[in-house]
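Trainee: One line per chain: the protein sequences are A and B, in this order. At position 188 of the first sequence (counting the first as 1) the number is 188 in our numbering, and the numbers step up by one without a gap. At position 161 of the second sequence (counting the first as 1) the number is 161 in our numbering, and the numbers step up by one without a gap.
Since the hints were made in silico from the structure, they are not lab data. Built from N, CA and C at the ideal position, the CB exists for glycine as well. Treat the hints loosely; a few may be bogus.
Part of the chain A face toward chain B, derived, beta carbon under 10 Å [as the list claims (entries may be wrong)]:
(1) L83
(2) V88
(3) I96
(4) A98
(5) V102
(6) G106
(7) V136
(8) S162
(9) P238
(10) V242
(11) V269
(12) L279
(13) P286
(14) L289
Listed below are several chain A residues computed to face chain B (Cβ distance under 10 Å; list not exhaustive) [stated by the list, open to error]:
(15) G33
(16) V34
(17) L59
(18) F61
(19) V63
(20) L66
(21) V67
(22) D217
(23) L223
(24) F226
(25) P227
(26) L265
(27) Q271
(28) L282
(29) G288
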Amino acid sequence: MTELVQLLVEGTALGGIYGLVAMGFVVIYKSTGVINFAHGTLMALGAYLAYNASVTWGLWFPVAMLVAMAMAAAVSMGVERVLLRPLVGRPVHSVIMATIGVAIAGDQVLTMVWGFDHLQMGDPWGASTLRAGGVVVAVVDLFTLGVVTAVVAGVGIFFARSRLGLAMRARAADAEAAMACGIGHTAVDGTAWGLAGALAALAGILLASGTAAVHPDLGFQALRAFPAVILAGLTSVPGAVVGGLVVGLVEVLTAGYAPTHAPWLGVNVHQVTPYLVMLVVLWVRPGGLFSSRSVRRL
Amino acid sequence: MRDGLLRRPGPILAVAAYLVLPLRLDDFWLSALTFAGIAAIGATGLNLLTGYCGQVSLAHGFFLGLGAYAGAWAAGLVGSDLLAWLPAAAVAGALVGAAVGPFALRLSGNLLVVVSLALVFGGQHVFRNWTALTGGSAGRDDLPLAHMGPLDFSALEVAGRSFSFDQGYFWLVWALVAGVTVLALRLVRGRPGRAMAAVRHDDLAAAAIGIDVARVKVAAFALSGALGAVAGALYGSYRQFVGPEEWDLFLSIEYLAIVIVGGLGTVAGPILGSVFLGVVPRLVEEWAAIIPLVDTAPGARITTGQLNRFLFGAVIVAFLLAEPRGLDALIGKIRGRIGSLKRPTRRRVTAGGSGQS
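Whole structure, please, built from the sequences with the hints as guidance.
Mentor: Printed below as a string of structure tokens:
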């Protein structure tokens with residue numbers, strides 16, 4: 001029982017981070033219809049920048065986080081402006097490949113600048129934990145859950161209440177109709193990429209803090225969050241968080257139980273189970289769990 | 001249909017290069033071109049699926065792995081003749097391709113790409129753990145050599161002259177490239193090609209004019225899987241070693257990049273793309289000493305590996321921004337320029353279309 005509670009706590013914290021990553025995907029997909037494969041690179045970039053701000057420049061950690069998020073947002077907006085805006089209206093494979101190209105080239109820039117070493121973030125939690133009835137909770141996990149809750153609320157309010165959020169929803173619903181109402185794509189797309197860049201940086205920082213560290217493969221974790229986005233149906237912000245939690249729990253529970261109860265599944269099967277869940281969901285509901293039915297006409 | 005490269009003096013030059021290159025090049029460049037040829041075979045499959053039928057897949061690397069292992073398995077079963085293990089690999093690829101095809105009936109565009117990711121990661125998991133077939137993380141080095149009856153491409157002997165391993169494989173691989181390209185050409189110029197184009201433009205409209213969309217999509221996946229598997233089996237045979245970490249997402253990305261850089265939906269595209277993306281990294285290796293800050297040693301400021309990956313990403317983005325129709329169109333344009341320089345009075349309607357009469 002204790003083991004189960006322990007795994008549930010860890011799974012929820014990891015799921016929260018996946019939720020953040022998934023939100024980053026959703027924010028861009030909702031307003032521009034692009035799956036951004038460079039999201040992982042932005043995550044790693046954000047973590048490296050936070051490392052610099054916190055360790056090299058000696059800033060207070062929360063400030064370092066905000067600085068890194070702002071810088072990652074700026075880079076993200078720059079990528080959109082220079083490389084992706086010219087591709088608006090191109091087929092899916094063009095835009096996806098462009099983000100993949102950015103990711104591959106960007107990852108190399110990261111290792112050219114920061115090298116291949118694991119770097120400690122210098123966050124105030126480190127490996128400290130709390131104990132509650134046999135269950136060990138890492139402080140960084142509690143912090144993560146708090147941050148994720150606040151960000152989900154903030155992004156939710158932004159989409160529901162602000163003019164720009166409304167504009168983004170309008171563009172997502174029907175780009176041409178939105179344009180006819182005077183909502184151009186430039187401001188909306190730039191905001192979406194900036195917001196996604198900040199979310200990516202935050203997720204990267206959270207993944208690399210605590211007992212973990214910043215390293216070049218950090219961005220690869222973003223690929224593990226894909227099933228979360230798909231579960232959500234690519235367009236729902238609350239759905240992304242739910243999807244993230246599902247994926248985090250599935251991953252941690254299989255990592256905890258598969259080696260002892262089902263060793264025939266092979267080593268590291270937890271890296272694959274979220275994708276299996278995703279395949280089942282897509283087979284049953286091709287649009288994802290939170291999708292509304294869309295009708296296609298000729 | 002744009003296939004400027006395959007017209008006019010092309011064929012004669014190509015045959016001459018095919019015969020003479022292995023006698024003139026050293027093993028470094030010969031192996032680069034052989035790997036490029038293998039990639040061209042696999043990329044032709046992906047080009048049929050993505051370029052002609054419009055189904056984007058990031059799972060092509062999985063089919064290469066599948067082919068390598070299926071080929072090795074078949075060779076162990078029925079003997080190591082090329083005519084046994086290469087078709088066996090193709091059949092395995094076609095079957096699995098046809099099995100995943102139905103996902104494309106329910107999903108499209110972005111979602112299909114993510115589902116194909118599931119195939120890459122799931123496949124890698126199976127490859128790592130199915131030790132009996134793949135050798136697990138240690139890899140497998142008992143892969144079949146390419147011999148066909150009395151003809152042994154790994155140690156070719158013709159009229160008393162013996163040729164090296166690299167020379168033999170070059171001739172084998174590029175003969176297969178020619179065969180596969182002709183097959184693709186016939187396919188896309190006929191009914192199947194028109195059906196695929198209709199599905200690519202709008203599958204609802206295609207269904208409305210009586211095209212069996214399900215059949216076309218599944219067939220495209222099967223064909224693409226088969227050619228991917230053939231490339232994988234050849235790759236394993238040429239390298240004589242395969243490990244489970246090779247069939248990763250990056251390999252699939254490389255194949256999609258080959259097709260896009262070469263020219264999506266052009267018959268020459270896969271060949272142009274695979275030669276270009278195969279030769280550039282080798283040039284960087286050759287010139288590493290001249291490029292500032294770059295060295296081949298692992299302790300260097302920037303290693304050639306890093307630079308090559310960076311260039312790879314940059315080339316993809318550059319082509320998408322500057323010439324989304326790829327090298328095929330670029331070459332067409334250049335030929336058009338040269339042609340109009342020669343005869344300034346003649347106007348050209350299409351670049352690379354009309355030739356020198």
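Trainee: Evaluate each hint against the coordinates.
Mentor: Tested hints:
no.	hint	in the structure
1	L83	6 Å, holds
2	V88	12 Å, violated
3	I96	6 Å, holds
4	A98	5 Å, holds
5	V102	6 Å, holds
6	G106	7 Å, holds
7	V136	30 Å, violated
8	S162	26 Å, violated
9	P238	20 Å, violated
10	V242	17 Å, violated
11	V269	7 Å, holds
12	L279	6 Å, holds
13	P286	4 Å, holds
14	L289	13 Å, violated
15	G33	8 Å, holds
16	V34	8 Å, holds
17	L59	28 Å, violated
18	F61	30 Å, violated
19	V63	32 Å, violated
20	L66	29 Å, violated
21	V67	26 Å, violated
22	D217	12 Å, violated
23	L223	7 Å, holds
24	F226	5 Å, holds
25	P227	8 Å, holds
26	L265	8 Å, holds
27	Q271	7 Å, holds
28	L282	6 Å, holds
29	G288	8 Å, holds
In summary, the numbered hints that this structure violates are 2, 7, 8, 9, 10, 14, 17, 18, 19, 20, 21, 22.
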